[in-house]
Amino acid sequence: GAGVSQSPSNKVTEKGKDVELRCDPISGHTALYWYRQSLGQGLEFLIYFQGNSAPDKSGLPSDRFSAERTGGSVSTLTIQRTQQEDSAVYLCASSLGAAPPLHFGNGTRLTVT
Amino acid sequence: AQSVTQLDSQVPVFEEAPVELRCNYSSSVSVYLFWYVQYPNQGLQLLLKYLSGSTLVKGINGFEAEFNKSQTSFHLRKPSVHISDTAEYFCAVSDSRASKIIFGSGTRLSIRP
Chain A
31 GAGVSQSPSN KVTEKGKDVE LRCDPISGHT ALYWYRQSLG QGLEFLIYFQ
81 GNSAPDKSGL PSDRFSAERT GGSVSTLTIQ RTQQEDSAVY LCASSLGAAP
131 PLHFGNGTRL TVT
Chain B
2 AQSVTQLDSQ VPVFEEAPVE LRCNYSSSVS VYLFWYVQYP NQGLQLLLKY
52 LSGSTLVKGI NGFEAEFNKS QTSFHLRKPS VHISDTAEYF CAVSDSRASK
102 IIFGSGTRLS IRP
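Protein chains in written order, with the numbering used here: chain A, 31 to 143; chain B, 2 to 114.
Chain B on its own, in the form it takes in the complex (with noise of 0.2 Å):
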């Protein structure tokens, strides 16, 4: 079974600094990896995935990924954040069958001017 540890709840950063958004799994079995996002008062949206070939994965809004398969992270990160990225962030995990996808507790981002 897979699982998915968001190791920060919250993360505060300043408008234009870089940011890093942790996120490591579990899976005996060969995965395909997500972000998500949620923008205050909206639905989940797709920010990028992993699903095979080149491990560094860019997404919308200049966000980027990097599948570490030794590490089992796919952390995301961003290097100049601006307000409009505060959102609560979702990691998620399926096995490479594609059946359940399974979420991380999320990690809120608040970006301060």
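Extracted from the complex, chain A is given alone in its bound form (with noise of 0.2 Å):
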């Protein structure tokens, strides 16, 4: 695909459900990162895979959080018990090789109501 692709592109939730949310990474693009970017803040470091397996899941905020990649390729990223401080955008990049930078894709806006 011509760039990174993020499914859906809004979500909206109620508090205590599950969610997931995809991304589909740039063909050929080894490394997968999930970032969430809340109202005001920066971006928080969530995961990160180097094909599919995750180096670094030092980020995810707490065990209702998981993430997986399969083929190398698409990557889910699962809430459980969704509270309402999940809430924010939560954005999918990929990079190919060792010298990044990163393409982002346009986000899910997850709001946990």
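By construction, these hints were calculated from the structure, which means they are not laboratory data. Fair warning: there could be bad hints in the mix.
Said to hold, decoys possible - Covered by chain A, per the in silico footprint, the following chain B stretches (three or more residues, Cβ under 8 Å):
id, segment
1, 40 to 47
2, 105 to 111
Stated by the list, open to error - Listed next, the in silico DSS-like pairs over lysine-lysine satisfying Cα-Cα at most 30 Å (straight line):
id, chain 1, residue 1, chain 2, residue 2
3, B, Lys70, B, Lys50
4, B, Lys101, B, Lys79
5, B, Lys101, B, Lys70
6, A, Lys87, A, Lys41
7, B, Lys70, B, Lys59
8, A, Lys87, B, Lys59
9, A, Lys45, A, Lys87
10, B, Lys50, A, Lys87
11, B, Lys50, B, Lys101
12, A, Lys41, B, Lys101
13, A, Lys87, B, Lys101
14, B, Lys59, B, Lys101
Every residue gets a Cβ at the ideal spot worked out from N, C-alpha and C, and that includes glycine.
Now that you have both chains on their own, put them together as the hints suggest.
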């Protein structure tokens, strides 16, 4: 594809429900990142994949958050038992090789009511 | 572990005036440094990057940044800003193994006519 694709673009869910956010990176990009951007805040690192493995999960806020990547391509970020503080824009980015820059998707805006 | 500090959350300047957005980092290893820009209602895009070599890096739209290892800084500058430069600017750092990329909290640049 031409760029990083994220779906859905918007998601409204009720507190306590589970949500899945999807990221399709640029074809051939080996590295994939998830970030969270809250209103008025910077980008909070969540998790990083190199291929299908996640060398660094240190940014996941709690055990309600998990992510996986299959086939070295698509990644899914899952939030279980959503809370209102999970409301944010979730950004995915991918990069090629050992010297990024990152190519960002347009994000998924998650609203927990 | 790396960290990034953007000292100014907001910077207002007049059109055609010069601007400097400050960024300081900490790392125990060699680093890659980046500036990303997020225009209103758009995704993040790379403005410029420092990987190695010349410490003065030129980017798009007339921006440049200087890597100062002794001061652990990577300040962004433009000699004359335009209304279209109104955006949020993020400094980012990764170690030279190009793993986790950490972003600062962002600086909102507002241009007054």
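For each hint, the structure was consulted:
Residues of the segment 40 to 47 of chain B lying with their CB closer than 8 Å to a CB of chain A number 4, which satisfies the three-residue condition for coverage. With 3 residues bearing a CB less than 8 Å from a CB of chain A, the segment 105 to 111 of chain B meets the requirement of three and the coverage assertion stands. A threshold of 30 Å between alpha carbons decides the hint, and for B:Lys70 with B:Lys50 the separation of about 15 Å falls inside it, so the pair holds. Taking the CA atoms of B:Lys101 and B:Lys79, the gap is near 28 Å; set against the 30 Å cutoff, the hint holds.
A hinted pair counts as satisfied when its Cα atoms are at most 30 Å apart, and B:Lys101 with B:Lys70 qualifies at roughly 20 Å. Only pairs whose Cα atoms come within 30 Å are accepted, and A:Lys87 paired with A:Lys41 is accepted, the gap being roughly 24 Å. Between B:Lys70 and B:Lys59 the alpha-carbon distance is near 17 Å, which keeps this suggested pair within the 30 Å criterion. For a cut-off of 30 Å, the pair hint linking A:Lys87 to B:Lys59 is broken: about 33 Å separates their Cα positions.
A hinted pair counts as satisfied when its Cα atoms are at most 30 Å apart, and A:Lys45 with A:Lys87 qualifies at roughly 24 Å. Simply put, B:Lys50 and A:Lys87 have alpha-carbon atoms about 25 Å apart, close enough for the 30 Å limit, and the pair holds. This hinted pair checks out: B:Lys50 and B:Lys101 have alpha carbons roughly 16 Å apart, not beyond 30 Å. For the hint pairing A:Lys41 with B:Lys101, the CA-to-CA distance comes to about 27 Å; that is within 30 Å, so the pair holds.
Annotation: proposed proximity of A:Lys87 to B:Lys101 holds, straight-line Cα distance about 10 Å (limit 30 Å). Simply put, B:Lys59 and B:Lys101 have alpha-carbon atoms about 24 Å apart, close enough for the 30 Å limit, and the pair holds.
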